[in-house]
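Peer 1: Given next are the chains, with one letter for each unit.
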Amino acid sequence: MRKNQLNWMIGGPQGSGINASAEVFARSCSRAGLRVYATFDYHSNIMGKHSFYRVRVADEDLRSFRDPVDVLVALDEETLTGDGHHRRWATHFGHLHEVSPGGGVVFDTEAGFDPATSDRKDIKFFPIPLMELIKTALTEIGKGGQFRAYEIMKNTVALGASLALCDYPFASLESVIADQFKAKRFDEIRGLNVRAARLAFDYVRDHFNIKDFPYQLGPGPDAKARILAKGFEIIGIAKLKAGCAFQTYYPISPATDESVFLEKQQRAQNLLVVQCEDEISSINMAVGAAHTGVRASTATSGPGFALMVEGIGFASITEAPGPVVTLYQRGGPSTGMPTRQEQGDLLLTLHPAQGDFPHLVTAPGDLRESYQDTFSAFNWAVYTTIDKLELKYDKIERGKLYHPGDFTDPQFKGPHDGFTAQNGHQTTQYGGAEKEYLRYALTPDGISPRSRPGQDGGRFWTTSDEHEPSGHITEGVDMRIEMMRKRMGKLDLALKLIPEDQQLGLWGPADADLTVVSWGSPKGTILDAIKVLEAEGKKVNFLQCRLMRPFPARRVGEILRKAKKVVLVEENYSGQLGQVIATETGFMIQERVLKFDGRPFSEDEMVKALSNVLAGGKAEAVVTVVR
Amino acid sequence: MSVEAPAKKVSVKDFRADLHNDWCPGCGDFGILASMQTAFAQLQINPDRLAVFSGIGCSGKTPHYINAYGFHTLHGRVLPVATGGRLANSGVTVVALGGDGDGYGIGAGYFVNSGRRNVDFTYLVHTNQVYGLTKGQASPTLQRGRKTKSMPERAIQDGINPIAMAVAAGYTFIARAYALDVKYTASIIAKAIQHKGSALVDVLQTCPTYNDLYTKEWYEGADLPEKRSRLYKLEDKGYDGVVKDPSDPQELIAKKAGAVARSYEVDPIPLGIYYQANLQTYEEAVSERIPALATTPLAELDVFHRDVSPLLEAMR
Ligand SMILES: Cc1ncc(C[n+]2csc(CCOP(=O)(O)OP(=O)(O)O)c2C)c(N)n1
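Protein sequence lines, in the order shown, are assigned to chains A and B. If you number the first sequence the way the numbering used here does, the last residue is 638 and the count never jumps. If you number the second sequence the way the numbering used here does, the last residue is 317 and the count never jumps.
It should be emphasised that the hints constitute simulated quantities derived from the structure, not laboratory data. Glycine included, every Cβ here is placed at the ideal spot set by N, Cα and C. A hint or two may mislead.
Short, incomplete list of chain A residues facing chain B, as computed with Cβ under 10 Å [to be verified]: (1) Ala-236; (2) Ile-238; (3) Ala-240; (4) Ile-248; (5) Lys-252; (6) Gly-254; (7) Cys-287; (8) Ala-300; (9) Glu-321; (10) Ser-459; (11) Arg-463; (12) Arg-470.
Covered stretches of chain B (in silico footprint by chain A; criterion: 3 or more residues with CB under 8 Å from a CB of chain A, positions within the stretch not fixed) [to be verified]: (13) 59-66; (14) 71-79; (15) 110-124; (16) 268-275; (17) 289-300; (18) 310-316.
Here chain B is said to cover these stretches of chain A; the calculated rule only asks that three of the stretch's residues, wherever they fall, bring their Cβ under 8 Å from a Cβ of chain B [claimed, not checked]: (19) 273-284; (20) 301-315; (21) 482-493.
All chains should be modelled from the sequences, with the hints used to inform the complete structure.
Peer 2: Quick look at the structure:
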C-alpha cells in the first residue's frame, strides 16, 4: 500500500479536454494539502493527435515526473497501445508498458480495447462506460437524448472514475470542477460535470473490487493550498511587478501564452500589449518604447528569436534600457518540434548578432527563479547598465504546472530590494542651456545619464552606427575604442552587481563523489534524483549555471577544479553549456548525459544515468523509453 | 497630431543641428531636410517634444541634422521603432523617414502593417529609385526596363506603386511631394503632422550621383519640346482627396478609388494630398482598453505599485 505517492496520467486525442481534467485533478490535490508536479505532452496540432498529461502527487515537494504510471486514464485506444497501426513509422507505443505493477488502467469501454489481448497480466483494468454515465446524468435532467453533444465531458467522468480507485475524497474534486465552470453561462454544465464524475466514482466502487488497490490518495500536510502555477503565469506576474508597461509579441508556441495572459491584465494594470506583424517588429518596437521611457519587454521562442537578433544588437549599441526578451525554448532546428522541450538555444542567445556587444542572459531553473530573474532583469536593464537582457527558459511555460517553492509572499519583490522598480539612472537634470546633455557621455562605470524623448533639455541623438558621446556617427579610431570599452565594460559591472545566488547555485554536499553540471529546468529533476541517490548512500552535488552572460567563470572554474568527478546534463545534442564552460574556464567536462528527443528528463532517467556515471560507466545519451 | 507650443517661439534655425552634413552636393535630401525644418517651425513644435526616427541609407542620416530627439535606427525597421516610441509617449510628435529601399523594400512588411494600425505619426519616404548609400542599385520604385548609370543591367522587376499600396494598407493621410520644391513639401509635411493618424508622404527625391533618369531637369521637363513640368498639383486640377464623412463607407471607397486612379498617372505626376480620412487611431483604440492613456502618456503612468496578489491568490 502506498499512500500519497501517486503518478497519474490521462491520455487521449488533442482537443478531448485531457488538460482540463488533469489540471482539475492537480488543483484539487493542491487544495487537499498535497504537493503536485504536472506536465503536459502534446503535439503541434489542434485536434486529434495523441497527447497526455502526467500529474505526480506526494506529501513532500516535487520537482520532476516519474516514468512509471500508477493510474492510467485512457480516453482512446492509442493511449494504451500507440499509433503503430496507422502510421508508417510509429511515434509511440502507448502507455500500457509504463503502468506500474499493481497499477490500474481506467479506459473507455468504447475505446475498442480488449484487456485480454494485453500481455500485462500484472495490472488491473477498469473498463468504464463513459458515454452511458453521461447519458444517465443527462437523463436525470431530461436531456438523455442529446448525450453525443456532451461527449467532451468524458475526460471529467474518467477522472472521477480514476479517483475512486485511490479512495480519494470526492468532495475535494467536486469543488474544483465547480470552480472550473464558475461562469454563469456554465450553470448547467457545472452541475452535469459534477454529477457525471460522481456517477463514475460510484460506478467504480459498485462494479470493481478496489479494496486492495495499492495506490491511495488522501489529504496532505499543507493546511493552506499553495500557489500552483505555470511558468508563463509567474513570468507574466513578475513583469507586472517589475513595472513593465509595454509588451510586444508575435504568436508562437510556446511563448504566446505569456503575452495573452498579460493582454488580459491590460485594463487593470496599465500595461500595453501590442501584437506585431513579426518578431523583427516586436523587438524593434520594444526597443523604441524602452528608449522612450517605459520598461519594455517581448516574449518569443526559437524561430522568433532568430529574427530578433538584429534588434538585439541595435538595442545594445544604442544602450537602450532594455527591453527584456523572454525566450521560451522549444525543439529546434528551424521549425523543429514546436511543442517539445529542448535546451538548444543557449549558444544562439550568447552571441545572437554581429559584432561584440554586451547583453545579459540568465537561465532560471524553476518558477521561483523565473520570477526572481524576470523581476531583476528589468532592474538590471534599466537601473544599472545593461541595454538588454534575455531570459531563457526551457519551456517551463506550458507543460508544467507546479508549486513555485517558497513563493508564498505575494509582495515578494525579488532578491534585489535595493533596486526597487523605478526608472533608475534616468536623469532630469541637464544643467540648462549652458550645459550640453550627452546621451553617451563617457563615465567611469560606463553608464551615461539617460533622458527620454519629451523631456525638457534632454534632447539626444542615437544611432545604430558607432557614435560619439553626442550620439552622432563616428569612424574615428580613438572614439571607437572608447565606446567599445564603455559598452563592453558594463559586463564586468553586471558581474559585480548581480548577486552571486542569481549567478549560480551549488546544491548538495561539498565533498560529493560526483558533481552534476546543468542549467535551466533539468534542475528539479536533478535535485529529485540526488535525493533518491542520497537515500542509497551516494553523495552527489549539483552546480547550476544560471547567469550565462556575463558568465561567472572564476567561480564555476573553482568549483569544477575541486570536484572529484563531473558530469554534464543537458537537453540538447551538443552539450552547449559544456562548450560555454570550456571556453570560459578552460575546463573540459568529459562525461555528458544529453537528451535531445524533445522530451524532458524523468526522475528515473536521471537516477539511472547518474548511477551509471557514479559506478564508473561511460555517460550516454538518454532516450525516452517508448515501448 | 496636436502639437504643444514651445515656451519661446522657434524658427527654422532652431531645428538645425550643428553638424557637418556629408550628403553629395545637390542631393534631394537637402530639400526634404529643409522642408521638415520649415514645417516644424511653421507648426511651432517644441524641439523637446519632437522625435525624428530614420532607417539606414543616405536619407537615414537626416535626424542627425535636426535639433530634436533623433533616432537613426536599422535598415527597414524605422516604423516599428517609431511606433514603440510613439506608443510609449503620446506627448511626443513622431516623424519617421527613410529611403524607398528602406521603406518599400526591406521594410515593406512594416510599411503595410503600420497602415493597418493607424498610429499617429508622419512617415516621409525619400523616393529616389535607387539604393543611395550602397551606390545606386535599383530600389523598389524603379520601373521595369529602366537602367540608371549606376546599374550594369536594366531592371527586370516592376516598380511598386507606393500610393496605391498605402491606400490598400490603410494609411489615413497619403500625399506626394517633390524634394526640390521646399515650400510645397513643407506645407504637405505640416499637414501630415497635423493629421491625426498614420500619414505617408512619398517625396520624389533626386539623386544626382546615381540616378541620371529622374533628375531635376527631367522633373522640370527640360527635355520636352514644350518645356513643361512633369509634375502637377492635384488641387490645381480640382482634385480633393479629403473624406468629408468618414462614417460613410461609400465616400471612403470612392476617395480611395480616386487616389489609386491618380497614383497611376505618370505624366505629369500628381503631387499633393491623394487621400485623407479622420479615422480612429491606434492610440484612441488603445485608450478604450486602458482608460488612463486617454489623459496620460504610458511613460508617465505609475506602474510601479501594482498589486498582483489577486492574480497569485487565484492560483491556489
Ligand atoms: C539588413 C541590412 N541589409 C543591407 C544593408 C545595407 N544598406 C545600407 S543602406 C541600403 C539601401 C539604401 O537605400 P534606400 O533605403 O533607398 O535609402 P537611400 O540611401 O537611397 O536614402 C542598404 C541596402 C543594411 N544596412 N542592413
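Peer 1: The stretch 273-284 of chain A covered by chain B? Criterion: 3 or more residues, Cβ-Cβ distance below 8 Å.
Peer 2: holds (count 7)
Peer 1: Using C-beta distances, would you say chain A covers the stretch 59-66 of chain B, given that this needs three or more residues below 8 Å?
Peer 2: Held - the stretch 59-66 of chain B has 3 residues with a Cβ nearer than 8 Å to chain A, which meets the minimum of three.
Peer 1: State whether the coverage of the stretch 482-493 of chain A by chain B holds or is violated, taking the criterion as 3 or more residues with Cβ-Cβ distances under 8 Å.
Peer 2: holds (count 3)
Peer 1: Please count how many residues of the stretch 110-124 of chain B have a CB within 8 Å of a CB from chain A and say whether that reaches 3.
Peer 2: holds (count 4)
Peer 1: Given as covered by chain A, does the stretch 289-300 of chain B meet the bar of three residues or more with CB within less than 8 Å?
Peer 2: holds (count 8)
Peer 1: Does Ile-238(A) hold up as a contact with chain B if the rule is Cβ-Cβ below 10 Å?
Peer 2: Holds, because the Cβ-Cβ distance from Ile-238(A) to chain B comes to roughly 5 Å (cut-off 10 Å).
Peer 1: Can the hint on Arg-463(A) be confirmed by a CB-to-CB distance to chain B that is less than 10 Å?
Peer 2: Nearest chain B Cβ about 7 Å off; hint holds.
Peer 1: The stretch 268-275 of chain B covered by chain A? Criterion: 3 or more residues, Cβ-Cβ distance below 8 Å.
Peer 2: violated (count 0)
Peer 1: Under 10 Å, Cβ to Cβ, is where Ala-240(A) needs to be relative to chain B, so tell me if that hint holds or is violated.
Peer 2: holds (5 Å)
Peer 1: Tell me if the interface restraint on Ile-248(A) is satisfied: Cβ within less than 10 Å of some Cβ in chain B.
Peer 2: This interface hint holds because 5 Å falls under the 10 Å limit.
Peer 1: Double-check Ala-300(A) for me: the hint is only fine if its C-beta lies closer than 10 Å to a C-beta in chain B.
Peer 2: holds (4 Å)
Peer 1: Given Ala-236(A) was flagged as interface, is its beta-carbon under 10 Å from a beta-carbon of chain B?
Peer 2: holds (4 Å)
The earlier numbered hints that this structure contradicts are 10 and 16.
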